[in-house]
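*Asks:* If you want the building blocks of each chain, they are given just below.
Number of protein chains: 2
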Amino acid sequence: MNFIKKLEHIQKKNSSLLCVGLDPSLARLPESCRAQSQPFLAFNRALIDATADLVCAYKPQIAHYAAVGAEMELLSTINYIHEKYPDIPVILDAKRGDIGSTAEKYAIESFVRYQADAVTVNPYLGGDSLEPFLKYREKGVVILCRTSNPGGSDLQGLEVDGEPLYLKLAELAAVSWNENHNILLVVGATCPAELARVREKVGDIPLLVPGIGAQGGDLAAVMQAGLDRHGAGLVINSSRGIIYADSGEGFAEAARQAALELRDAINSHR
Amino acid sequence: MNFIKKLEHIQKKNSSLLCVGLDPSLARLPESCRAQSQPFLAFNRALIDATADLVCAYKPQIAHYAAVGAEMELLSTINYIHEKYPDIPVILDAKRGDIGSTAEKYAIESFVRYQADAVTVNPYLGGDSLEPFLKYREKGVVILCRTSNPGGSDLQGLEVDGEPLYLKLAELAAVSWNENHNILLVVGATCPAELARVREKVGDIPLLVPGIGAQGGDLAAVMQAGLDRHGAGLVINSSRGIIYADSGEGFAEAARQAALELRDAINSHR
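As given, the protein sequences belong to chains D and E, one line each in that order. Per this note's numbering, residue 1 is the first one in the first sequence, and the count goes up by one each step. Per this note's numbering, residue 271 is the first one in the second sequence, and the count goes up by one each step.
Because the hints were derived from the structure by calculation, they are not lab data. Just so it is clear, the structure is predicted and the values come from calculations on it, not from any experiment. It is possible that some hints are incorrect.
Stated by the list, open to error - Keeping only pairs whose Cα atoms sit at most 30 Å apart, straight-line, the calculated DSS-like set for lysine-lysine is:
(1) E/Lys438 <-> E/Lys283
(2) E/Lys282 <-> D/Lys168
(3) E/Lys276 <-> D/Lys201
(4) E/Lys405 <-> E/Lys283
(5) E/Lys354 <-> E/Lys471
(6) E/Lys354 <-> E/Lys438
(7) D/Lys6 <-> D/Lys135
(8) E/Lys276 <-> D/Lys168
(9) D/Lys12 <-> D/Lys84
Said to hold, decoys possible - Simulated DEER-style distance windows between Cβ atoms:
(10) E/Glu449 <-> D/Glu261: 51 to 57 Å
(11) E/Asp516 <-> D/Asp204: 50 to 56 Å
(12) D/Arg28 <-> E/Glu449: 26 to 32 Å
(13) E/Gln385 <-> D/Leu26: 49 to 55 Å
(14) D/Glu31 <-> E/Lys354: 38 to 44 Å
(15) D/Asp53 <-> E/Met271: 36 to 42 Å
(16) D/Glu261 <-> E/Gln385: 41 to 47 Å
(17) D/Ser247 <-> E/Asp516: 42 to 48 Å
(18) D/Ser37 <-> E/Ser446: 41 to 47 Å
Backbone N, C-alpha and C define an ideal beta-carbon position, used for all residues, glycine too.
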């Protein structure tokens, strides 16, 4: 089953557009996890078990693992999801981007080594830099389009032929690059008007939306701006707001509660 | 010593603007390396020992290691250079890019975990996404500017205020982001006229130029277009043309010969 079908399937099954970011930092883990030989894995397993009926995807951010040499814990986390909850796709948040044979290696990293169902990529190097990812037809390729950080406009907001660069990128992705129907786009939550312009440009291409919760986007406006014609087509990511909902030993139960509330809040706007 | 000073020092000491890319692929290694428990490390050590008096930097491309779980061999390669040839800086070619706390983690990956002297980064997310790297004042931050792949123009070539995006980026990097004087830019070798426009825009900021050798750029034109006012300011990278100069057991000696020829050819145009 291709990634977008897999995503649609679990979105229906779990009545959820919520994606939980698995971005552990050692200093923020509860003592019981830090005491384990694989603290990130212990933390993630508890979070996954507590939320698996409430989410449409998990999104581990690879830098959190790479910074401390925890590649094995990342791999074990992804394996754990595949084995125990095979319906739930894993989006590896890596924001890779390179050309030619090096891009091939990055695609192997994401799809073969880590067995991710989808990966985030950076489009600055152009369409042919994405081909080595896109040719994995059953995998999802989540292209950075519009980010909501203060400097996001430095390049993305520059005007090209009367419209901002990120809309030009959205058009390229939707019209020129999506032959295998496996593209998604990342669009931040902090400016719903921009999200609406991207949605208008790309039809029903799913949008991954970070910035709800810790980064403070307005959920109602995001939903109104981003839903596709079928009242879906969004993957709303929250990381810290869920995984650190409680900093102590009640973290998993607190994560479940936070995920439940956010899932239901999302659904109340569909 | 900051990265750019370190680079200038070794460029003078070794009379060299040549950077060798350490991008091993298992299938292309000679049998004697493949037989080792750490084949990439064995290959790299031989290449390094054969070329250390001829180069101004080594540039391992991280995807080649990450694709096969060889992080330890990457780390050992960098350690080997630091210990045996402490004058030669290591540029980790990772093309990272993310925002906020995640960008911090990527900077830790490059500068703390791997102890690289510089790292390549992707600017699509804007100036604040680069700050977590730039604040390591003694490290180099090598920003993708203009790449020479066929799709390089998809975004980089779009016209913004009458000039291509990559020149806008070059200006941002030189004028707004370079407070710590630790920025370099990546500019491909295949279009010297574009290289000249970047050089004109950025003064003496060093340019990392891939695409000589295997990718076929014209060396004389590149040198004329890219040299700074002091007849330097370039880091000319070659990977496959050097490391695979001979596919058999004579690989290290062949690499030395190829590096010597390319170094001298570069110098003949200074």
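*Asks:* Hint by hint, note whether the structure agrees.
*Replies:* We went through each hint and held it up to the structure:
A C-alpha spacing of about 34 Å is found between E/Lys438 and E/Lys283, which places the hinted pair above 30 Å, so the restraint is violated. For the hint linking E/Lys282 to D/Lys168, the alpha-carbon distance of about 44 Å lies beyond 30 Å, and the restraint is violated. Restraint check for E/Lys276 and D/Lys201: not satisfied, since their Cα atoms lie roughly 48 Å apart, outside the 30 Å limit. For the hint pairing E/Lys405 with E/Lys283, the CA-to-CA distance comes to about 28 Å; that is within 30 Å, so the pair holds.
Between E/Lys354 and E/Lys471 the CA atoms are separated by roughly 37 Å; this puts the pair beyond 30 Å, and the hint is violated. The suggested pairing of E/Lys354 with E/Lys438 is violated, with an alpha-carbon distance near 40 Å, which exceeds 30 Å. Between D/Lys6 and D/Lys135, the direct Cα distance comes to roughly 18 Å. Compliance with the 30 Å bound is thereby established for this hinted pair. For the suggested pair E/Lys276 and D/Lys168, the alpha carbons sit about 40 Å apart, so the restraint of at most 30 Å is broken.
Taken as a hint, the D/Lys12 and D/Lys84 pair is honoured in the structure, with Cα atoms around 19 Å apart against an allowance of 30 Å. For the pair E/Glu449 and D/Glu261, the supplied restraint of 51 to 57 Å is violated, since their beta-carbon distance comes to about 42 Å. Between E/Asp516 and D/Asp204, the C-beta spacing of about 53 Å keeps the proposed range 50 to 56 Å intact. Restraint check, D/Arg28 to E/Glu449: a C-beta distance of roughly 30 Å satisfies the suggested window 26 to 32 Å.
For E/Gln385 and D/Leu26, the Cβ-Cβ distance of about 20 Å falls outside the hinted range of 49 to 55 Å, so the restraint is violated. For D/Glu31 and E/Lys354, the hinted distance range of 38 to 44 Å is satisfied, since their beta carbons lie about 42 Å from each other. In this structure the hint that D/Asp53 and E/Met271 lie 36 to 42 Å apart at CB is violated, the actual value being about 56 Å. In this structure the hint that D/Glu261 and E/Gln385 lie 41 to 47 Å apart at CB holds, the actual value being about 43 Å.
For the pair D/Ser247 and E/Asp516, the beta carbons lie near 57 Å from each other, so the given range of 42 to 48 Å is not met. Against the hinted window of 41 to 47 Å, the Cβ-Cβ separation of D/Ser37 and E/Ser446 comes to about 45 Å, which satisfies the hint.
Consistency with the previously given hints fails for numbers 1, 2, 3, 5, 6, 8, 10, 13, 15, 17, ordered from lowest to highest.
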